[in-house]
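Taken in sequence, the protein lines are chains A and B.
Using this note's numbering, read the first sequence as starting at 1 and increasing by one per residue.
Using this note's numbering, read the second sequence as starting at 1001 and increasing by one per residue.
No lab work stands behind these hints, which were simulated from the structure alone.
Only a predicted model underlies this, so the values are computations on that prediction, with no experimental measurement involved.
For glycine and all other residues, C-beta sits at the position ideal for the given N, C-alpha and C.
Any given hint might turn out to be false.
As the list claims (entries may be wrong) - Below, a sample of chain B positions facing chain A; criterion: calculated Cβ distance under 8 Å:
#1 V1125
#2 R1136
#3 I1137
#4 E1188
To be verified - Not the full set, but computed from the structure, chain B residues with beta-carbon under 8 Å of chain A:
#5 S1114
#6 G1118
#7 D1121
#8 A1122
#9 M1124
#10 L1126
#11 G1127
#12 M1128
#13 S1129
#14 Q1132
#15 Q1141
#16 A1142
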Amino acid sequence: MMTATSEDVVLSVRGIEKSFGSQHVLRGVDLDVHRGEVVCLIGASGSGKTSLLRCMNLLLEPDQGEAVIEGAPLFRHTKAGRLKLSSAQVSAVRIKTGMVFQNFNLFPHRTALENIIEAPLVVKKEPRAAAEARARELLARMGLPDAGHKYPSQLSGGQQQRVAIARALAMQPTIMLFDEPTSALDPELVGEVLSAIRQLAAEGMTMVIVTHEIGFAYELADRVVFMDQGVVAASGPPRELLLSGTNPRLAAFVSRFTEQARLLSPLVAAAAAPSTTPLAKGM
Amino acid sequence: MKFDPSIVFRNWDLLAYGLLITLQYTVYTCAIGLVIGLFVALLQLTPWRPLRWIGRIWVEFFRNIPLLVLLLWTYYAMPIFLQIQISKEMAGILGLGFYASGFYAEILRAGVQSIDRGQTDAAMVLGMSYIQRMKRIILPQALRRMVPPLVGQTIMQLKNTTLLSVLTIPDLLYQAGYISSTTYRPMEVYTVIGILFVLILFPLSALSRRFERKEAV
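One chain only, chain A, in its complex shape (with noise of 0.2 Å):
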């Protein structure tokens, strides 16, 4: 299920660095996102990976490097100089960005809906009524229709990570950034945020994602990164990338999760167990 791809860059960056301390997490990355398309980024831990999703709306900011987000630039500290913006200036280009994260943060003193409306409230200045319309839509397009009185610790995991995603989505982003969505949950719950995240992809929603779901990156993404000791070890689309092994750390590492799989290759023969394959596309 591939998305049609234009060539119309939504986010770029180029030539970040970032060190902490003495790690030298980012050495000079480049990527290109164009409009439409599902980038996964993978890589064992610490390789630079949810840095670089971070660095995209300068939630991190790089030591050195550029970024622009449709075509207004975020950051730029080159050789040429450094570009200096206002905070205020940072957040009407950041919020072009929608940003998932691994732990949900949700905002535990608001319910769903008022976790969703929040920003489009305060940083928008919408109508309440307006607001809460979309947030309510939004809520059923993410399968929780009932959901939007409810405190985020009433909520699962999965639940929670639904509404982030919803809250994420109504400030209407370009771009959306998931870092890790489903690592910090229970494997039951996997599911459920895979197949909202795989619905807006098929709505063609511009995605970079971080993620350990190496299976899902190899069917949702139109190109997969392979970020190795801070740089780009590999990219392409994730059949060729992940089967070729001609990256021989690239080939490590999948052959990881090639091991797992064919590990659990008799129970996936022995009974198409429905709990581990993720919901069907769409809901």
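Got chain A; can you put chain B on it based on the hints?
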């Protein structure tokens, strides 16, 4: 010797006046402490290092100086240093208020910093400004966590007013000393005073615990 608390209650007017003074000073010094404490906490939360240092030094100074020393210094030493006149009431209020500010500042700072970094991330990504984040996301959550330690510090503050008696401010303990010396009944007087403090403060701590339970949901 027979234990006869009625001797104490015969002087109930002195006790009532002492209690009034104690409560009055608690309210004044807590208010001063909270206002200065909030300001000092904000200093410590700024990204600007010199301001953080000023806040830090303030907190460390007033948290580490013994209250009795601070009160005596404010009343007897500070006027000479600064060449000013200061009443014992003013010295008591300033000493206790500044002392409280160090503790309140720490409670407020720690409360804000205890909120998960992810909350700030989420609010930033949604485009909220620093003020919006603080007002709508961070402080409402932090305040709930701060209530029990703030109540605890306020209880300490009320108890600390007993030290005002060394400046001859007629608080509850000072009146107790007076009654004790005129009636020669320290056994009854100090027992009643001790129980009185417990009776005043117990509802406050019970209320705080109830609030804590309600917020734990």
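Structure-based check of all given hints:
For V1125 of chain B, the interface hint holds, since its Cβ comes within 8 Å of a Cβ in chain A; the closest pair sits about 4 Å apart. The beta carbon of R1136 of chain B comes within 7 Å of a beta carbon in chain A, closer than 8 Å, and the hint placing it at the interface holds. This hint holds: I1137 of chain B has a C-beta 6 Å from the nearest C-beta of chain A, less than the 8 Å allowed. With 8 Å as the threshold, the beta carbon of E1188 of chain B stays out of range of chain A, its nearest partner Cβ sitting at about 50 Å, so the hint is violated.
Taking 8 Å as the C-beta contact cut-off toward chain A, the hint placing S1114 of chain B at the interface is violated, the least distance being around 13 Å. Below 8 Å, beta-carbon pairs count as interface contacts, and G1118 of chain B has one with chain A at about 4 Å; its hint therefore holds. For the restraint placing D1121 of chain B at the interface with chain A, the shortest Cβ-Cβ distance is roughly 6 Å, inside the 8 Å limit, so the hint holds. For the restraint placing A1122 of chain B at the interface with chain A, the shortest Cβ-Cβ distance is roughly 4 Å, inside the 8 Å limit, so the hint holds.
For M1124 of chain B, the suggested interface contact is upheld, since its CB lies about 6 Å from the closest CB of chain A, less than 8 Å. With a least beta-carbon distance of about 4 Å to chain A, the hint placing L1126 of chain B at the interface is held under the 8 Å criterion. Hint status for G1127 of chain B relative to chain A: holds, with the closest Cβ pair at about 4 Å, below 8 Å. Nearest Cβ of chain A to the Cβ of M1128 of chain B: about 6 Å, under the 8 Å cut. The hint holds.
Residue-level restraint check for S1129 of chain B holds (minimum Cβ-Cβ distance to chain A is 7 Å; threshold 8 Å). Residue-level restraint check for Q1132 of chain B holds (minimum Cβ-Cβ distance to chain A is 6 Å; threshold 8 Å). Proximity of Q1141 of chain B to chain A holds as hinted, the smallest CB-CB distance being about 6 Å (cut-off 8 Å). Checking A1142 of chain B against chain A by beta carbon gives a least distance of about 10 Å; that is not within 8 Å, so the hint is violated.
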